[in-house]
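Engineer: Let the sequences and hints guide you as you build the complete structure.
All residue numbers for the sequence shown refer to the numbering used here, where the first residue is 1025 and numbers rise by one.
These are calculated hints, taken from the structure and not from any lab test.
Simulated pairs of lysine to aspartate or glutamate, DMTMM-like, Cα-Cα distance not exceeding 25 Å:
id, residue 1, residue 2
1, K1076, E1065
2, K1072, E1089
3, K1072, D1097
4, K1076, E1089
5, K1076, E1098
6, K1076, D1097
7, K1072, E1098
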Amino acid sequence: MAKRDDLMNDPSFAEAVPVGQRLIDKPDLPAEGLLRTHAAEVETVPGKGQLKMGRARQFTIFCDEPSRIGGSDEFPNPLAYLNMAVGF
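Structural biologist: Below is the structure:
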């Protein structure tokens, strides 16, 4: 994984968004902005307590809960995924 310092010194990264400009201010973007739609399917796994399966695009992930609330603690709980998403 590239460190932040490596990216800041990478000429191709630096050329993408010059200092003092925002990507959203580029003239080739429509003035009304961009609209993206994201879809996901989520379902419980029958007979597996709190186990849930989610699909987004070509990816499938599972989440679970700790045993103290009926899960088997095999996968991260939903809040852990949210925490990771904020970090990304």
